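For the protein sequence lines, the chains are A and B, in the order given. To convert, note that position 89 of the first sequence is 89 in our numbering; the numbers rise steadily by one, no gaps. To convert, note that position 599 of the second sequence is 599 in our numbering; the numbers rise steadily by one, no gaps.
Keep in mind that a hint or two might mislead.
[Said to hold, decoys possible] Computed cross-link-like contacts, DSS-like style, restricted to lysine-lysine with a CA-CA straight-line distance of at most 30 Å:
hint, chain 1, residue 1, chain 2, residue 2
1, B, K221, A, K81
2, A, K151, B, K617
3, B, K212, A, K81
4, A, K151, B, K616
5, B, K571, B, K344
By construction, these hints were calculated from the structure, which means they are not laboratory data. These numbers were taken from a predicted model, which means no experiment stands behind them.
Chain by chain, the residues:
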Amino acid sequence: MASFTLQINGKPQTVEVAPETPLLWVLRDHLQMTGTKYGCGIGQCGACTVHLNGTAMRSCSLPVSAVGDKAITTIEGLSDKGDHPVQQAWLEHDVPQCGYCQAGQIMTASAFLANTPKPTDVQIEAAMNGNLCRCGTYTRVKAAVKTASAKMG
Amino acid sequence: MSTIKTAVNRRSFLKVSAAAGGGMLLGFGWLSSCAREPETGLEIPESWTDINAFLKIGDNGVVTIMSPNPEIGQNVKTSMPMIVAEELDVDWQKVVVEQAGLDTEKFTRQVAGGSQSIRQSWKSLRTAGATARRMLMEAAAKEWDVPVSELTTEQGTIHHKSSGKSIGYGAVATAAATLEVPEEVELKDPKDFKIIGTSRKNVDAHEIVTGKPLFGLDVQKEGMRIAMIAHPPAFGQKLKSFNAEEVLNMPGVEQVFAINAAPEGVELQWSDTNAFPELVAIVGRSTWEVLQAKKALKVEWETVEAPESTADYEAALAGLMDQPAEEPARRDGDPGKAFEGAAKVIEQTYSAPFLAHNTLEPMNFYANVTADKAELEGPIQTPESLRKTVAALLGMEEAQVSIMLTRMGGGFGRRLYGNFGSEAALISQKAGVPVKLVYTREDDMTQGTYRPAYKVKYRAALDENNNLIAFQVRGAGIHGSPIFENRFPAGAVAHYLAENHDLGSNISTGAWRAPRSNFMAYAEQAFIDEIAEVTGQDPIEFRLQLFEKALQAPVGENNDYDAARYAGVLKLVKEKAGWGKPAPGIHRGVSAYYCHNSYVAQVVDVEMQGSTPRIKKVWCAVDCGIVINPDAARNQIEGGIVDGIGHAMYSAITFKNGSPEQQNFDRYRLIRNSEAPLEIETFFVDNGIDPTGLGEPSLPPIQSALANALYRATGQRIYRQPFVSDNEVLG
Chain A
1 MASFTLQING
11 KPQTVEVAPE
21 TPLLWVLRDH
31 LQMTGTKYGC
41 GIGQCGACTV
51 HLNGTAMRSC
61 SLPVSAVGDK
71 AITTIEGLSD
81 KGDHPVQQAW
91 LEHDVPQCGY
101 CQAGQIMTAS
111 AFLANTPKPT
121 DVQIEAAMNG
131 NLCRCGTYTR
141 VKAAVKTASA
151 KMG
Chain B
1 MSTIKTAVNR
11 RSFLKVSAAA
21 GGGMLLGFGW
31 LSSCAREPET
41 GLEIPESWTD
51 INAFLKIGDN
61 GVVTIMSPNP
71 EIGQNVKTSM
81 PMIVAEELDV
91 DWQKVVVEQA
101 GLDTEKFTRQ
111 VAGGSQSIRQ
121 SWKSLRTAGA
131 TARRMLMEAA
141 AKEWDVPVSE
151 LTTEQGTIHH
161 KSSGKSIGYG
171 AVATAAATLE
181 VPEEVELKDP
191 KDFKIIGTSR
201 KNVDAHEIVT
211 GKPLFGLDVQ
221 KEGMRIAMIA
231 HPPAFGQKLK
241 SFNAEEVLNM
251 PGVEQVFAIN
261 AAPEGVELQW
271 SDTNAFPELV
281 AIVGRSTWEV
291 LQAKKALKVE
301 WETVEAPEST
311 ADYEAALAGL
321 MDQPAEEPAR
331 RDGDPGKAFE
341 GAAKVIEQTY
351 SAPFLAHNTL
361 EPMNFYANVT
371 ADKAELEGPI
381 QTPESLRKTV
391 AALLGMEEAQ
401 VSIMLTRMGG
411 GFGRRLYGNF
421 GSEAALISQK
431 AGVPVKLVYT
441 REDDMTQGTY
451 RPAYKVKYRA
461 ALDENNNLIA
471 FQVRGAGIHG
481 SPIFENRFPA
491 GAVAHYLAEN
501 HDLGSNISTG
511 AWRAPRSNFM
521 AYAEQAFIDE
531 IAEVTGQDPI
541 EFRLQLFEKA
551 LQAPVGENND
561 YDAARYAGVL
571 KLVKEKAGWG
581 KPAPGIHRGV
591 SAYYCHNSYV
601 AQVVDVEMQG
611 STPRIKKVWC
621 AVDCGIVINP
631 DAARNQIEGG
641 IVDGIGHAMY
651 SAITFKNGSP
661 EQQNFDRYRL
671 IRNSEAPLEI
681 ETFFVDNGID
691 PTGLGEPSLP
701 PIQSALANAL
711 YRATGQRIYR
721 QPFVSDNEVL
731 G
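Bound-form chain B, shown alone (with noise of 0.2 Å):
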């Protein structure tokens, strides 16, 4: 058990007194939409009592727990409120889970990106369950007269021992919240965790799986109209001129204008992100009406920028990889001197192209701005950004513009950059009506904000006993460098240089699942096989040598890694793959990498099909801390799995004259059941330490394994990404 001052989350807390009946659950919805298992029968609380601003107690002991981040597939919205629950000490199974839509007062950090919910809510939501199962209890004491030591709780009662009495928390919440909230509150030790470390199922999973309405296109309201927006099909290209009159007399069409979700004099946030903020706005009765006309729309646009092609900016970046940096953005040793005096030098560049995020529901948002309030409903990771932009573009104040969360369609770093709801907001707004903005999905595919395209340059050093004694990594990319200079090898050996340069382009990009991991811990890991193959050793032990060194002897200062929870997770994968003995015609790869906080490890088993190659199996070790749903966790890991591997064999954008080449899933290819892995077993260890980011760090270091095991398939290093394109085969 450990104490934990109440005071720096205080302001989350409500003190609502316990008005009863109705007013209370104006605007709440649950009955409608939060009946998460109808089979169990929860009885529905004649009146509700506010606790704080996480949860509130029904009379009957119902408990409803908000869940204050954007869901967007990685479970928040079951995760966090456990974390509640565990603390306040009720059963789960009476618990009720709403979705919060943004609100700044109450909560803080409403935001879902760089694996951070959990890691940056665990406190505070500890810390809600905590606080108000003390004041339940103080209430229960004051009640029964008896000091609050002597009162223990379980699963939503409150008991005190010697005179054998017990009461439920709904009989006592609205007495508790009168109460002053608590200077410090106890938080449980972890060995004593009931929820927390135990498999609860997705709370939306019956909704799902039955088609209820959850997501943000399928949002439906009195009067909305459906929005549909033109943008340039190319980058560099901007607005001239459209006719209207050409569509206006098309069935359903009602309106036709230009937007600009960029004017001068307007802040914009770092989440506006946008190579297209003037764009042509369709209004209309139904969405296929609309897109009938946005088919038909004649629109001029002008080139004001150089249109780039894969070419331009693909001979661009193998041009930085020859130059020098200005100033390194690491240097231990002396680099030049070791490779010098170098008995053999490795070398070998590394490539990847442009991803689009894709997420399957497509960017859609619904706005009703009218004179003195803007609505907004959607699927957005930052709404906070998102709000501020929108107040900006309206001329309203941040208080007239609220925002309601729906659950996403997928995320993937797409839905943190809000151009669609600014763009719905300035819709609205314009044509005086609801509008439901929706995109195709050839606009969100060429609408850019992608991962970028990369290089990376390696060079290894080894001395006459193949020791590696230098390391050089030099990283160009649209918009910036993929390296992270602290990162292993960094600390590991003695002479080490690395190297950023910066391309820009008219393409716009941004943060795509495990931002520039998902590139570096494939090249990083693919190229650290290379080495331990060159210098005849094991890639495990190669790997597990280094991280000795930088326990025992760290190289330089800030090195970003824990070399004994590196090492960790390879000997546990290591151990449970069986490592060192594949079964006949298998061919074995393995990585491991560091981001978002957590470590992992990863062996994989490859089959050759003719040239095709079948994953049989992955094994990976997970250190992410404490796991707070450990089934739905495993769900993540398998997902970054399967979302690495696809990617990296048989994803691109690639560019014609500023047009991306690929505009639906008929040339962007996605992986496909038959090509994921047969079987990925994960194991997760168990060290008690703080939760950790789980939604991203899966996928990085499965491009390597797998890179490293269709190596040993084939006989032939990939060293650039996708692996198969079009009809390319393997081997």
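Just chain A, same shape as in the assembly (with noise of 0.2 Å):
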């Protein structure tokens, strides 16, 4: 066990775990934050996405000793109200049907398009490409990415 000050959401955040215990069960166990979900374990469905210092991560394969100072984001902390542009396109399109992948499409969707504000159809299909919706949402997804790249202006 080992403790660990981590910045989330803008705050410290600081837990005793072993030190190769995973972001996504830190998260979830430790602090209660469930928004980040557990899907494979094995950073192939993206459900636990989050970001480190911007960038989109699969908390389910990041070790807590190798996040140090990095800001983290979850969904918890995307916005103040649930109003970034991507969240609000989500709701726009009615993207969820379980809405069980949907905080980790969010969290892909968010980093991608702080990098590539005006993306192709082919730039949006290969960011999301890592994010499984078993309910095949995938058409509104594309759709909400791009509604989002406009709102983002």
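Put the complex together from the two separate chains, hints included.
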């Protein structure tokens, strides 16, 4: 066990966990932040996506000891009122069905659009390909990313 | 307007007196979890009145509508309350939706399955809303001393035209709750619907996109421990022994023991299908710590039944294709003679593999079992069955077991089978602590309850003028044949034979989105396409002629489809897609299927990019009667199409010595964003018929529409799923 002080959504949070514990379980079990989802544990489904210094990362495969003082953003901290342009676009298109993968989709999309504000369709597909949606909302995901891109102007 | 007796569901009407204040809000919890659209700033009522089991009205007119059915992503938590709100005649913006727990006193059929939630509850939801509206009107009539027939309602307000008086529902709710429930009430004429038929956003959408705890895996409780299980790595094996000592000293690990979810003498339900009732349970402080112990735990499994490999059951199913059944499931005319005299016979065999459900939220459940009660909470499509099993396993009365429903991260049929709920209860009882049982993805994918592997052989006989004179279908599957003997083309062919074979196995199977239809629509509609080609006819015209025969002179009895509605969706999709003139480089396929009481026809446009097919567009015509929530309905149709394409193209569970060879998403291939259609356009038939199934019917036909388009693109017919596996290419 070791002590780690993490910068999560702009606030320092200290946890006592084994160094190899994935960030996903630190968030979910130790900090009760369950917006970040467990889907596969091997970085294949994208449900656990968070931002690390603005870059989309798979928190299921990221040991807490590797985070250091990098800024972590989770779905709970993407915006104050749930009004990030990507969240707004998701609501406009009523994307979710079961909804379980959508936090990961939104975290991937928001990091992607921050770096690629005016993406092509091919770029959108490539960026979103790591996020599985078992309900099959992919056509709406694509449309919502485009809408969010327009909103971000 | 139509009149309906309320007596049939009278027991769902609570006559709760209008007590004000905190007592009625106890356990209600909507302040924290149900502010549907916080930005609209709904004012919290000071008091609530329970009108009936489905709804409560606040003194300021805010209405809470209970959503009784499990929500698996089919959007019933929005669409079912919409139906109540329609007949109640309220402003949807003043409605708060609350998920109900299992309550068989108040609600009937709290099940998510068979695409039946709306169909089965259509009348009871409308009646609940209409009855409440009537009682509110009667209370106002009494207060004003006017006949109730002179009153009208509009968006939660009651009007008396001649006196110009108006009063809000909230102001008469207390009085209304003291009135007798009317014997019968009037339902709206569908042409007067204001909410049904208009698109309303998912009531949980804001919470979903902001990551609020909604799902079973998100449940957190005081003193709760994490539990995991270890089940045999192969079908045909059972638990022999394990060494708990080696892991009990690992950090965070508290208890390790065995459980048995199918002990002798305990009555189990149909939903307790489970190849692995004997498990090792590990209980500890946190998921990661328990997972390390699970990995380190040494368990000895023993083989008690012959392990099967894919080649074994494939060979057995193939053998059955050459065996006539002892008794046909259906026979019309004299198929034997017709085939003997045929000018041409076409014969093809189609195959499909086992599939896992792979809900993105793995199986899990929370249970807190104490001496006198069991509190459960989690994702389950069949809570009533689970309660029966849990009570039997724990030695309790059903009344001692409560089940709260969480939103589910997908269902697809997997959560009809509640083994994980029973296991959580047994673990909590034995451990003496509240637990959340968590399956790893690997536990989930290797547990069984799969869509069975299937084979079906078709034969078609043509006369010298290329008329279809006889049709034969022989199906075989693990734990049951896939065929529906009374579905198309039964009824449209003079000589018809349907035969079933059932192959036993120690691999467990279960209902998977659109059971059996999810294979039969592929095989049947691919074969029909091939017959049409041999006869030299257009595939849509060929099908329409068969429907015309079934309509004008149906063959045999018990044909379980309406040929006119079937033809209707095919004609609609033909028109919308501009059938017959695809753009250069585009290859088209068509398919139509009937299941879950709904009719779907689809046209797919495929473009080959090298050896990779790109699905440019899907046109989909749907006849599911009245559509409650059109945009959400389109979402379901789109999802079924993407799901169908993905599993037809890429997915399979195969076995080696009883062990699934795919255990996570590195080897089990699910469709990804770049493989989904670029565009899906859905058209609903507007016919005013009571609603039928919507969550499943768009999945089955898309597989054959795609197979038929790929044939036109590559020149090769596809006789097995998945269409591509590993490094295979098409064409």
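Tested hints:
no. : hint            : in the structure
1   : K221/B x K81/A  : holds, 26 Å
2   : K151/A x K617/B : holds, 26 Å
3   : K212/B x K81/A  : holds, 12 Å
4   : K151/A x K616/B : holds, 26 Å
5   : K571/B x K344/B : holds, 29 Å
Of the numbered hints stated above, none is contradicted by the structure.
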